Amino acid sequence: MLILDGIKKSFAEQTVLDGVSLRIREGERFVLLGPSGCGKTTLLRLIAGFDTPDNGKVTIANQDMSPVAVEKRPVGFIFQRHALFPHMNVYDNIAVGPRVIKTPENEIEPRIEELLGTLRLSAKRAAWPGQLSGGESQRVALARALINRPRILLLDEPLSAVDENLRQSLRDELRDIQKTFGITFLFVTHDREEALTLAHRIGILHRGKLLQAGTPQELFEKPASPFVVRFLGGYNRFEGTVVERIGAGAVVKTVEGNRLQVENASWFAVGDECDVYVRPHHIAIGGPSEFTHPPNIWIGQVKQCTPMASRITYKVQTLSGKVLNIESARTTLEAGLQEGRQVRLALDGRYAHVFPRENDD
Amino acid sequence: MLILDGIKKSFAEQTVLDGVSLRIREGERFVLLGPSGCGKTTLLRLIAGFDTPDNGKVTIANQDMSPVAVEKRPVGFIFQRHALFPHMNVYDNIAVGPRVIKTPENEIEPRIEELLGTLRLSAKRAAWPGQLSGGESQRVALARALINRPRILLLDEPLSAVDENLRQSLRDELRDIQKTFGITFLFVTHDREEALTLAHRIGILHRGKLLQAGTPQELFEKPASPFVVRFLGGYNRFEGTVVERIGAGAVVKTVEGNRLQVENASWFAVGDECDVYVRPHHIAIGGPSEFTHPPNIWIGQVKQCTPMASRITYKVQTLSGKVLNIESARTTLEAGLQEGRQVRLALDGRYAHVFPRENDD
Amino acid sequence: MTPPKKDRHTALAWNILVGASIFLLVFLPFRSASVPSPGGDFLTLAELLPTGIAYTLGITLMSSLAAIVVGFAAGMGMLSSRPGVRVAVSLYTEALRGIPLLVLLFYIYYALGEFFAVPALAAAVFGFGFCYGAYMADIFRAGVQAVPKEQAEAARSLGMTQKQALMQIVMPQALRTIVPAIGNQTLGMLKDTSLVSVLSITDILRIGNEYATRHFNYFETYTYIALLYLFLTLLMSRVVQTIEQRFNRG
Amino acid sequence: MTPPKKDRHTALAWNILVGASIFLLVFLPFRSASVPSPGGDFLTLAELLPTGIAYTLGITLMSSLAAIVVGFAAGMGMLSSRPGVRVAVSLYTEALRGIPLLVLLFYIYYALGEFFAVPALAAAVFGFGFCYGAYMADIFRAGVQAVPKEQAEAARSLGMTQKQALMQIVMPQALRTIVPAIGNQTLGMLKDTSLVSVLSITDILRIGNEYATRHFNYFETYTYIALLYLFLTLLMSRVVQTIEQRFNRG
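Residue numbers (the working numbering), protein chains in the order written: chain A, 1 to 361; chain B, 362 to 722; chain C, 723 to 972; chain D, 973 to 1222.
Check each hint, because a few of them may be wrong.
Under the rule of at most 35 Å between Cα atoms (straight-line distance), these lysine-lysine pairs were calculated in the DSBU-like manner [to be verified]: (1) C:K871 x A:K72; (2) D:K1135 x B:K433; (3) A:K253 x B:K540; (4) A:K303 x A:K209; (5) D:K1135 x B:K418; (6) D:K1121 x B:K418; (7) A:K222 x A:K303.
The following label-pair restraints were derived from C-beta to C-beta distances [stated by the list, open to error]: (8) D:K1121 x B:P428: 50 to 60 Å; (9) B:E582 x D:K1121: 37 to 47 Å; (10) B:R711 x A:P74: 54 to 64 Å; (11) D:G1056 x B:E582: 55 to 65 Å.
Rough simulated footprint, nothing fancy, chain A against chain B, three-plus residues with beta-carbon under 8 Å [unchecked claim]: (12) 588 to 597; (13) 657 to 670.
In short, the hints are calculated from the structure, not lab data. From a predicted model like this one, the values you see are computed outputs, not experimental measurements. Cβ atoms here follow ideal geometry from the backbone N, Cα and C, with glycine treated the same way.
One chain only, chain A, in its complex shape (with noise of 0.2 Å):
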């Protein structure tokens, strides 16, 4: 559907966009996900053509788009803020695209009516734009942009503007909407959780780079970089060394002095620099008398333990001195263990992810 090939995009010597591929399939809900100053705005600026890419190409439908004049295009562009036109009320804001091909407005009037009705937004025909709720504002951004029949909706973090407590519901509408109408969505956003709920796939974009494009699951299991491992939730980082290789797994030596066995690490070889990551839920914690087998086993002290609603998250420093993130499941009515107490921490090495040392930021 969509088909962007070696995007390349700088401003004022600066590079913003450092040649990305990406492929996206007709009605899919695809997610780029990235910190602020990814680049991931200029790339959905440069589909609507709001800018011209300095190289590559954006393909949709099969129609190469460079020829093509913004107002030609067959998006619709949501903005972060819905950009309505304050000066209108509802309805003429949604008759904006027919009136401007000079659709009779006999024609225009059902085709705003249905979608209306669909986006259950009758009641608002003729308020102002000023007078209606984030969530209002938002179907009718949508309405405005799906009456010209686009091919791809382009979505500029249409929720950050929108308050915390509302931004759920609203997400599980984006989503209803979007199988409702079954058009193609492409989503930008920096929040992760957004990214989440609402992807079939998520590409994650960094310094104007795609490091990985896949469903949520595949960048759990499988992440590409070390970027991606941070990007998407906490974790321990361990800078090692390989000592031994064991299967498709090896022993890591780290820099404290501890060994940690991990499973997938089959592209190393012993002597090899690497840093390993475990997520925070992947370290079992418990009594000094629990967790008696090897491997990965380490004694520690809790430094910090923090109930939250459905988790507990610590803080164990283990007797080399290295600070651990834990996350445990809360399912018990206990407390968890108290700040002070000695502790004995499980690594799962299956779920460690192995990555040659890194040594930028």
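For this one, chain A is given, so just place chains B, C and D on it according to the hints.
What follows is chains B, C and D alone, placed relative to chain A:
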């Protein structure tokens, strides 16, 4: 240490604080938690003396504060954006307090040097506030307040202006500094996670009233009101009627027609209308053959399945049409139960919170 | 525009000043009329002034229109994508803002008058139009730039050309800030029209000057003239304020 | 203050205009000198002007100082906790902003002159001081109010009294916005001093007027005068800009 006694305050006919009483102990980290507009900042400002209560009394270290001017109160105040004086360097910022009371410079200097050392700021002695990182700026604000040796430190959301990824480490730093100086902390925030991480005790403020004060554990286990449940995390709310009493528990029939057996409901009689709250992680989810034992086994269909780093969240629609939020730990490599699948749910009646029916919002 | 904090006192001051100036404007002419007229002229100041008021308001109105035309053109020039146009507009605005209005009036009337006869009234309107146009250019530019960029982009992505987006979407919104600002400039012009008295146009001040000199009655005449200006500007500032509020609300 | 977008073109325009005016200021007097002088006066315009420049700049400077004093007092009055003071200040500012400067000058010089002799120079400085003071009052008020409230509160909670907090913490920060704004007002004053020519003060414009009338040489004289003002204001605007940048950076 700090005693608030029946504090009331209105601005322009709007009641902001409606009789708040509270005792904070020497050396305690107390967090006032509430949504924006709940009156928490006003309360802090009354304690500092920036505003005057209409009613009630503030006592610090056994001294009634009513006749004491702002500049004479034994409190330190940390502002949201730290409010460092931009026209003075770090040293001079910290020296403001002692200089006002004409402390000789040769007494001030060693005290500042010591503070700078303790707070890892010695290298920044001559820096301007604009040149400091968020963390340094917070430490300077703390040093500036601490040099006056206040009895209590009032912190007004000092982390809310800080970048998301810095916040966690600044939080830990605040904890450490409080431990180092052993000073009493009164911290105000709207951020649940922040409160849970920082507090010995948390006070939940809502619409000018203190709903509950207690340890995080107490708030989770024995919430005093539905708002406390709702504000502290995800939840499912069931409106129902008590149809049977069993020991200290009861059976509630929900308006959708499900039966829900709960354990702690000794205040209720058969026929009482009530709201039952169950947290998403207290509902177990499994295939059609699991959880064969009553009570509280419901059947439903997965509407949405979102894998997060350590958890999977579901929306499941029961046969009665009610949609439940469910959260389960993510300890296996499985992708979770796919959307559209039939599942069985087991609601844990031990952790259900029952309250009389609420009709407003 | 004015911070809300001082609004209440400003409103009170407005009422007091309007009340006082109406009172004095009604009261003073009778005293003036009773002063013996050495010039043998039996017309009172109050009888002479309507002409002056007509000139003052007429010149204000025409100058404002001229400045709007000049300012709009220059403002759009500032937003042009062609650097040459932007430099030319900058030359115009910087030069006109650097020359005192009074000097400009003399220049147009006397200096350019050496080459072709410029009627005083035309000189005044040209002078004001070009001088204030240099400021209004910035108002038009800022008004357009104050409309969020996404408004134009949304319009484009819905199928509008650049020109359609500017005229149908951006301009209607820009007028909200432009119209009140033009009102304030016109208010300034109303006061500055007093400068045309040096071109022998019989505006309020000129009539006052002549009356005062002829009757040797400086204090009462100038008090009257000052109050009249005060009354007119206060009235007009209320009009501008009303426009401003309507535009901010709508 | 000016949006960055137009800065480059404004700077270019500034350079062109300064260059052109210097060139013409140097070139024109020689042509003027060669014009036969019907009045038998052998002094050239360029020789007469230093007095005018001295008056223009001197009056600008003194008026600016007067306006700063008046504006500071009135600005602090606006921030007073006593409503009476705030109303009084509002009456002053609203009245003075409603009366044209030229009328004010006539009023002080001629009308008040009926009761006590006011030297023209004093009338000018008083007029400018009170007129611009009404605007500077707002600059001082806004400057203080622009400093975040927490600055004063932080100072109080560290042990300062209200007055100490205002003078040691708030004012030094307020000056960052106040000083550049005063600079811009003074720039406006420089142009407005041309009005004092009507009070027979021999400022730049008055000397130009007299020279032009005596020599029947309007075009070249007024061109020269206009360029001179342009040169002076461009120069001063650069100074103000430098101050502004320094204050924004520091």
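Taking the hints in turn, this is what the structure says about them:
1. Distance restraint check for K871 (chain C) and K72 (chain A): the Cα-Cα separation of roughly 19 Å lies within the 35 Å cut-off, and the hinted pair is therefore satisfied.
2. For the hint pairing K1135 (chain D) with K433 (chain B), the CA-to-CA distance comes to about 15 Å; that is within 35 Å, so the pair holds.
3. Only pairs whose Cα atoms come within 35 Å are accepted, and K253 (chain A) paired with K540 (chain B) is accepted, the gap being roughly 34 Å.
4. The hinted pair formed by K303 (chain A) and K209 (chain A) fails the criterion: a straight-line CA distance of about 38 Å is larger than 35 Å.
5. Only pairs whose Cα atoms come within 35 Å are accepted, and K1135 (chain D) paired with K418 (chain B) is accepted, the gap being roughly 27 Å.
6. Only pairs whose Cα atoms come within 35 Å are accepted, and K1121 (chain D) paired with K418 (chain B) is accepted, the gap being roughly 25 Å.
7. At most 35 Å may separate the alpha-carbon atoms for a hinted pair to count; K222 (chain A) and K303 (chain A) meet this at roughly 31 Å.
8. Between K1121 (chain D) and P428 (chain B) the C-beta distance comes to about 24 Å, which lies outside the given range of 50 to 60 Å.
9. The hinted range of 37 to 47 Å is satisfied by E582 (chain B) and K1121 (chain D), whose Cβ atoms lie roughly 41 Å apart.
10. Checking the proposed 54 to 64 Å range against R711 (chain B) and P74 (chain A) shows it holds: the Cβ atoms sit about 56 Å from each other.
11. Between G1056 (chain D) and E582 (chain B) the beta carbon distance is about 59 Å. The supplied range of 55 to 65 Å therefore holds.
12. With a threshold of 8 Å between beta carbons, the proposed coverage of the stretch 588 to 597 of chain B by chain A holds, since 3 of its residues qualify and at least three are required.
13. Note: the stretch 657 to 670 of chain B has 5 residues with beta-carbon separation from chain A under 8 Å; the three-residue rule is met and the coverage holds.
When each numbered hint is compared with the structure, violations occur for hints 4, 8.
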